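Please work from the sequences and hints to get the whole structure.
2 protein chains.
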Amino acid sequence: MSALQFELLARSTANRARLGRVTTPHGSFDTPAFMPVATAAAMKGLTPAQIRGTGSQIILNNAYHLFLRPGGDRIERLGGTHRLMRWNGPILTDSGGYQAYSMSDTAVLSEEGVTFRSFIDGSKVHLGPESSMRVQNQIGADIIMAFDDCAPAALPAEDADERRVARTRGVVDHALRMEEAHERTLRWLDRCVQSHARKQDQALFGIVQGATNLDLRRRSVEGVCAHDLPGYAIGGVAVGEGTEAIRTVVEFTTPLLPDNRPRYLMGVGYERDIVMAVAAGVDMFDCVLPTRNGRNANAFTPQGPIRLRNARFAEDSLPIDPSCDCEACAGGFSRAYLRHLFMAEEMLGPTLVSAHNIRHFQRLMLDIRTAIREDAWSSLLVAWPCIGSDEAHSSTDEQT
Amino acid sequence: MSALQFELLARSTANRARLGRVTTPHGSFDTPAFMPVATAAAMKGLTPAQIRGTGSQIILNNAYHLFLRPGGDRIERLGGTHRLMRWNGPILTDSGGYQAYSMSDTAVLSEEGVTFRSFIDGSKVHLGPESSMRVQNQIGADIIMAFDDCAPAALPAEDADERRVARTRGVVDHALRMEEAHERTLRWLDRCVQSHARKQDQALFGIVQGATNLDLRRRSVEGVCAHDLPGYAIGGVAVGEGTEAIRTVVEFTTPLLPDNRPRYLMGVGYERDIVMAVAAGVDMFDCVLPTRNGRNANAFTPQGPIRLRNARFAEDSLPIDPSCDCEACAGGFSRAYLRHLFMAEEMLGPTLVSAHNIRHFQRLMLDIRTAIREDAWSSLLVAWPCIGSDEAHSSTDEQT
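Residue numbers (this note's numbering), protein chains in the order written: chain A, 1 to 400; chain B, 1 to 400.
Bear in mind the hints are in silico, worked out from the structure with no lab data behind them.
Being a predicted model, the structure only gives us computed values, none of them experimental.
Check each hint, because a few of them may be wrong.
With the C-beta cut set under 8 Å, the calculated list includes, among others, these residues of chain A facing chain B [said to hold, decoys possible]:
1) Ala42
2) Pro70
3) Glu76
4) Leu78
5) Leu84
6) Asn88
7) Gly89
8) Ser317
9) Leu318
10) Tyr337
11) His340
12) Met347
13) Leu348
14) Pro350
Where is the CB? At the ideal position from N, CA and C, for every residue including glycine.
Rendered as C-alpha cells:
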C-alpha cells in the first residue's frame, strides 16, 4: 500500500476543476487544498489548536530552515515535526533547494546540489538530492518533495541571482540555463527516488520545471511522470514572471499531468491565481501570503486586502470582515483594536491577523470545493469579488 | 451601592493571610489574587481565551501606555478596554504616574504632576491627578489607582533618576524628598477623590507611600485611610530596595490597613515575595514577571526558574513543568521545541512560555487560597520549594 491515497470525488463541468480527498498516515485532507506555511515548525504565533481553528487540514514545513536549525539529526531524535510541534495532521515539506539557492548570496549550484553558507553561523553547508531526502525523511512529513533545480523565470540580465549563477557555471544564455535546470531536475529526481526508496510511509512528489518555456514544460512532465509517483508538482512558478505567465504555464502544464494523482502548484498565491489554477485542474496550494501579510497588518477580505495600519481604521469598530468566522472576526476584535496592536507592536496583532488571513484562504477553498461539488462554478465570482479584481493583487512573486 | 464589594471568607491561624472575594461590575475574583499585566490592552501574544485559560480572573492595564497610545479620548469613543480587547472580566489600571516619572529621561515633577515627552512622538505631555483620573475613567477599568508620587527607595547618590529629580526640585536630601513624596501623595489623593467623585462604577484605591521609612509609612496609612475608599494599595515597593526591605515595609504596613478592604501590593513579585505578603495580609498582586520573563525564554517552575535557551534543553522532551496544566505543558510542547522556537525567533515561543508563566503564578495563588481555606499554611512550602529558595530570585526590582 502506498503512503498516500487520492480519491477523485467530483468534477466541474465548467472547467477542469476536481474535488478530491488525499489520505496520509496522519489523516486526510480535502482538495483543492490550501496549505499554510509553518516555516521552522511553527506557524508564527499560532498554536496547533489555532491552526486547526482556521480549518487548515495540512500544513507545510520548510526543510531548508529545519535542516539548518535545529538540524535533521536532532529533529529525528525528537521524533519528527509532527511530535515536535504537536500537529497530528498531515505535513508536507519542500526540498529546501529553492531556498538554499535563493536565500543565500553565496550559493553555488553544481551537479551535486547547492553549497551555501548557513545564515545562522556562516558555516559552509551542502544540500543535494540525497541530503534533501535524508532531512525530509528525518522531519517525517507525510508528503516530501523532490530536490529540483528551479531556474528563475527572469533573464540573466534582469536577475542578479541568476547572473551570478550564470557566471559561476559559465552559462550566459538564459535558454541554455533553463534547459540545464530542466535536465538536471530529471537527473536529480532519479537520485531522489533511489535515495528515498526505503521510506514507505512518506509520499515523494516529483516537480515539473521548465520556467515559461512550454516546450520545456512538456518535456519536463514526460520526464518526471516517467516515475510513477504518488503526486506531482508544478514548480518554478510565482518566481517573478507575472500573473499572465503563471496562467499560461499552469493551463498548459496541469492537463498533461496524470489525472489520478494530486497536482500541487508550489508557492501560489493570491485568490485569483488559486481559482485560475483550480479551474485548470490543480489540487494543492501553499503560500506564505496569509502569515507574511498578517505580520505586516495586511488583512485579506473577499473584497480585497486592507492595510490595518491605515489611519482610517483608528476608530473602526467593525471586524476585519463581518462575514468571517475566524478567531479575530468572530471574536469581535475590531479593526481599531488590531490597528492599535500593530501601532503598539503587540504580537497579538500578527497572531490575530495571521489567523484571519489563513481562515480567509480556507473559506475560499471551502467555497471552491462547494462550487465543484454543486457544479456551480460561477457562484464563486459573486461571493469572492477579489477573484476578479486587479487591485487585490499588488504582486504575484510570492514564493515560500 | 459601591462599585466594589469585598467579602472575607476565611483566615489563616498561622499568620495574617485572608481568603476573600472581590466583586466588580465585570464579575468577581478570588483573593489572594495575581493580576497579570496587559500593558497596552494586550497580554503580549495571548488572546483573551488564552488569558482565561491561565486561570486569571482580573488583569491590569497601564494607563501611561494607553494615555499615550491610542489615547484616552479614542479609547472612550471605542468603549473602553473591556470592549477593545474583548476581556469581559475585571480590569485594574495603574495611575500612570510611576511610569511617566520613571520611563522618561525628560520627566519634570511638580505639584501639578509629571510633565514628560511622549516616547511615541516626542511631544510634551502632562499627567497629574485630574488627567490620570480622566484617562482611567475613559479606559473604564473596574479598579483605578490614585495618582501618587513614588519616591525611589535608593539614596539620591545611588540613583540617577532621583539625582535628576532632586536637582530639578532643588531637593538634595533624600529624607526630605521622601517626606515631600509622602505629603504630595496625600494632597494628590484629595484631588483624585474629588476628580473621580462623579464615576460610581469604578472603585478608586488609595496608595500608601513612604519608601522604607516606617514612620512615613504609618503617617501615609493614616492620611490615605482618612478617605473611606473601596481598597488600599502599598506602593513604592519593589523599586530596588531588596527583598528584606520589602518584607519589613509590607509586614509593618499591611496590618495598619482596614481589615474590611482589599489590600494590593503593587508590582510584587517573585513567588517568595507573594507568599510573604499574603502571610502579612495582602490580597492582590500584579507583576510583569510572567510575561517579561516568558518573552526572554525564562520559565518558572515550582523548583525555580529555568532558562530555556540553555543548550541542555536542546533534546529535552519533557514539558517545562510536568506537574503543570497550562496550555504549553498540558499541550505537550517540549522544552526542546520551546528552545527551538526561541532560537528561531518564532513568536509562538514567547506566547507559550508567557501562558505557562502566568499559569504558574495562578497555580501558586490557587494553592495559597487552598492553604488558607484549609488552614494548612505549611503545606505550601512542600509543594513550592521555590518559595524558600534564594536561587529562584535573581532580582526583586520588578515593577510594572
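Taking the hints in turn, this is what the structure says about them:
| no. | hint | in the structure |
| --- | --- | --- |
| 1 | Ala42 | holds (4 Å) |
| 2 | Pro70 | holds (5 Å) |
| 3 | Glu76 | violated (11 Å) |
| 4 | Leu78 | holds (5 Å) |
| 5 | Leu84 | holds (5 Å) |
| 6 | Asn88 | violated (10 Å) |
| 7 | Gly89 | violated (15 Å) |
| 8 | Ser317 | holds (7 Å) |
| 9 | Leu318 | violated (12 Å) |
| 10 | Tyr337 | holds (5 Å) |
| 11 | His340 | holds (5 Å) |
| 12 | Met347 | holds (4 Å) |
| 13 | Leu348 | holds (5 Å) |
| 14 | Pro350 | holds (7 Å) |
Of the numbered hints listed earlier, those contradicted by the structure are 3, 6, 7 and 9.
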